[in-house]
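Asks: Once you've looked at the hints, dock chain B against the given chain A.
Chains A and B supply the protein sequences, listed in that same order.
If you count by our numbering, then the first sequence holds residues 4 to 484, one letter each, in order.
If you count by our numbering, then the second sequence holds residues 54 to 265, one letter each, in order.
Hints should not be assumed to be uniformly reliable.
Partner residues are not named here, just some residues of chain B that face chain A (Cβ under 8 Å, in silico) [what the hints assert, rightly or not]:
#: 1; residue: L83
#: 2; residue: I86
#: 3; residue: R100
#: 4; residue: L102
#: 5; residue: S112
#: 6; residue: F227
#: 7; residue: R257
From the derived model, a few chain A residues whose C-beta atoms are all more than 12 Å from chain B [what the hints assert, rightly or not]:
#: 8; residue: R47
#: 9; residue: D146
#: 10; residue: E166
#: 11; residue: G263
#: 12; residue: A317
#: 13; residue: P323
#: 14; residue: G349
#: 15; residue: R374
#: 16; residue: I391
#: 17; residue: G409
#: 18; residue: K412
The hints are simulated quantities; they were obtained by calculation from the structure and are not laboratory data.
Ideal placement from N, C-alpha and C gives every residue a C-beta, glycine not left out.
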Amino acid sequence: MRGEGAERQGLKTVMTAKTLYDKLWDAHVVRAEPEGTTLLYIDRHLVHEVTSPQAFEGLRLADRKPWRVSANLAVADHNVPTTDRSHGIADPVSRIQVETLDQNCTEFGITEFHMDDPRQGIVHIVGPEQGATLPGMTVVCGDSHTSTHGAFGALAFGIGTSEVEHALATQCLIQKKTKSLLIRVEGQLGAGVTAKDIVLAIIGVIGTSGGNGYTIEFAGQAIRALSMEGRMTVCNMAIEAGARAGLVAVDQTTIDYIKGRPYAPTAALWEQAVAAWRDLKSDADAKFDRSVDLDAATIQPQVTWGTSPEMVAAVDARVPDPDAETDPVKREGMRRALEYMALTPGMAITDIRPDKVFIGSCTNARIEDLRAAAAVARGRKIADNIKIAMVVPGSGLVKRQAEQEGLDKIFIAAGFEWREPGCSMCLAMNADRLEPGERCASTSNRNFEGRQGQGGRTHLVSPAMAAAAAIAGHFVDVRNF
Amino acid sequence: MQAFTLLDGLVAPLDRANVDTDAIIPKQFLKSIKRSGFGPNLFDEWRYLDHGEPGEDCSNRPLNPDFVLNQSRYKGAEILLARDNFGCGSSREHAPWALLDYGFRAIIAPSYADIFFNNCFKNGILPIVLEAASVARLFQEAYESEGYRLSIDLAAQIVATPAGEVFGFDVDGFRKHCLLNGLDDIGLSLQHSAEIHAYEERRRQRSPWLFQ
Chain A
4 MRGEGAERQG LKTVMTAKTL YDKLWDAHVV RAEPEGTTLL YIDRHLVHEV TSPQAFEGLR
64 LADRKPWRVS ANLAVADHNV PTTDRSHGIA DPVSRIQVET LDQNCTEFGI TEFHMDDPRQ
124 GIVHIVGPEQ GATLPGMTVV CGDSHTSTHG AFGALAFGIG TSEVEHALAT QCLIQKKTKS
184 LLIRVEGQLG AGVTAKDIVL AIIGVIGTSG GNGYTIEFAG QAIRALSMEG RMTVCNMAIE
244 AGARAGLVAV DQTTIDYIKG RPYAPTAALW EQAVAAWRDL KSDADAKFDR SVDLDAATIQ
304 PQVTWGTSPE MVAAVDARVP DPDAETDPVK REGMRRALEY MALTPGMAIT DIRPDKVFIG
364 SCTNARIEDL RAAAAVARGR KIADNIKIAM VVPGSGLVKR QAEQEGLDKI FIAAGFEWRE
424 PGCSMCLAMN ADRLEPGERC ASTSNRNFEG RQGQGGRTHL VSPAMAAAAA IAGHFVDVRN
484 F
Chain B
54 MQAFTLLDGL VAPLDRANVD TDAIIPKQFL KSIKRSGFGP NLFDEWRYLD HGEPGEDCSN
114 RPLNPDFVLN QSRYKGAEIL LARDNFGCGS SREHAPWALL DYGFRAIIAP SYADIFFNNC
174 FKNGILPIVL EAASVARLFQ EAYESEGYRL SIDLAAQIVA TPAGEVFGFD VDGFRKHCLL
234 NGLDDIGLSL QHSAEIHAYE ERRRQRSPWL FQ
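Bound conformation, chain A alone (with noise of 0.2 Å):
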């Protein structure tokens, strides 16, 4: 890494502090046009079945194939049921799509974690577990929440199906550079206060379009304290803050989760890469476009009020009050929001109730976020109000880990659903969906109309709290539970 950014400085002497953006970027620079239109080079492509159909179709007209093979991998997760797959997919239109990745995975020689492997999950719980995401790669796939990749020191960024179809075809995108946030949260968390709840207030203080044309590294005390876990939850919603891509820079803290991981370098190779990946972070005086700063001390358990991961709150605050907001779009906005969320200004967050809670999604389905929503559930049983309240692991490697330390048992004991691995009720693309009206506490990414089954109202919260909501059946500050 060091030696192509060094490359690209030609024969300067000096060298510019650079962030690690500039790093990663420069390292994977084919050829770039003087108004900065660039062939970037991708080092990983991740596949699934919802935007690769149409990208597979385009390669066969145009007689195209995978420019490298081994740079892709490839898992159905969208579309798969959460429920016993012994028959396979009941809704026909599913089934067709996830047969259509599997006959183009063979076709084109790409490797696929099939439904029934136990590798099985959701693509950006599945590319870290397995060590196919690595520092200093490249790494895109077809869906926004690609962001995931970031927190180890990877750019990573989601792409629409054409893109997909370019990166098969040329193993490049191209692309434009974006701007640069630095947003650092120095400090500690209080207990019961995780990284979901720091990702949910920096949306909050930056807005949904705060991130729109940068990249953004997180960085400061308290994302160096988090686990690999806990940085893939800040990263994967760096994209609903509008960003083309988050990151964190490489700690010991990212090569100890790699180590041994199935796709990852081994021996010689091992210590080479290491070696590289020690120089991915932003030089100290490196410059940025633009940095927030959050005290960690001040961040309170979230629980998102509206229909955009913008409309938040601490756990112990009061749904707000439209009339107060200056903006007149933005007020419209909100009491769009309230009405469809069925809720009046000035009423306490800890007062709503949901009906169903759904833990699981690539932001929060890693065994940690199953840990901390088992410690909450442990010996207790859900309210009587809570319809359903479901676990989806994020991959079969996660199910089976949780089930050795007996996380299952815990929470089946408590009333909760046990499930198998998939995107679920994130975006509810297969059965697991809110009915018209119903109100779910879900550790998911999107509170968007809709966004769980139509007419379904979503607050957005961390494992922990929504295990707290699923106990007490309403919200809960999960520091007094």
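Replies: For chain B alone, coordinates are given in the frame of chain A:
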């Protein structure tokens, strides 16, 4: 891809900020393995009073009379006027496919979500950024005058109102070139195959663990 040069089109005002891709095309329609046919389900949950499913004939479904695109004065609109952060959310290219299939060739808004913005250019849709105050004026004019049209000239990078007022806009040079000529990106990139191979060889030498 269909080229985009000049457009004189009827304007439909969609007066909401943060219109997300789940609203543009709900998830159940993403199960299609085709690129076409999404137009009848554009804004499905806002547009119809019932729940839509893929493959359903939409011609007899109950329309929501309050939704802007259902008003007869906006029938045949080709330019969508929108607010901040249009197209936020998922990377689904089904969103621009649905807009295009419905008949929209251009969008005018103060800002867009990054992936959606990019996806538009790959499908012959021109997303124009104008200042919020200018967009607010266009909303006002579109409401006040039935049959309100705008003309867009991509080569000159201008939007003109019926009264002759002209708004200039910025567009990336490469994207403009591709849109004006209806060019296929992949073909253009493959012209640089030798450079991609050379880069790949350098990368293999320096970071061999990526090529195991």
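Asks: All the hints need checking, so say for each whether the structure fits it.
Replies: To see whether the hints hold, each was checked on the structure:
no.	hint	result
1	L83	holds, 5 Å
2	I86	holds, 4 Å
3	R100	violated, 12 Å
4	L102	violated, 11 Å
5	S112	violated, 20 Å
6	F227	holds, 4 Å
7	R257	violated, 10 Å
8	R47	violated, 8 Å
9	D146	violated, 6 Å
10	E166	violated, 7 Å
11	G263	holds, 14 Å
12	A317	holds, 22 Å
13	P323	holds, 16 Å
14	G349	holds, 23 Å
15	R374	holds, 29 Å
16	I391	holds, 19 Å
17	G409	holds, 34 Å
18	K412	holds, 33 Å
The structure fails hints 3, 4, 5, 7, 8, 9, 10 (numbered hints given earlier, in ascending order).
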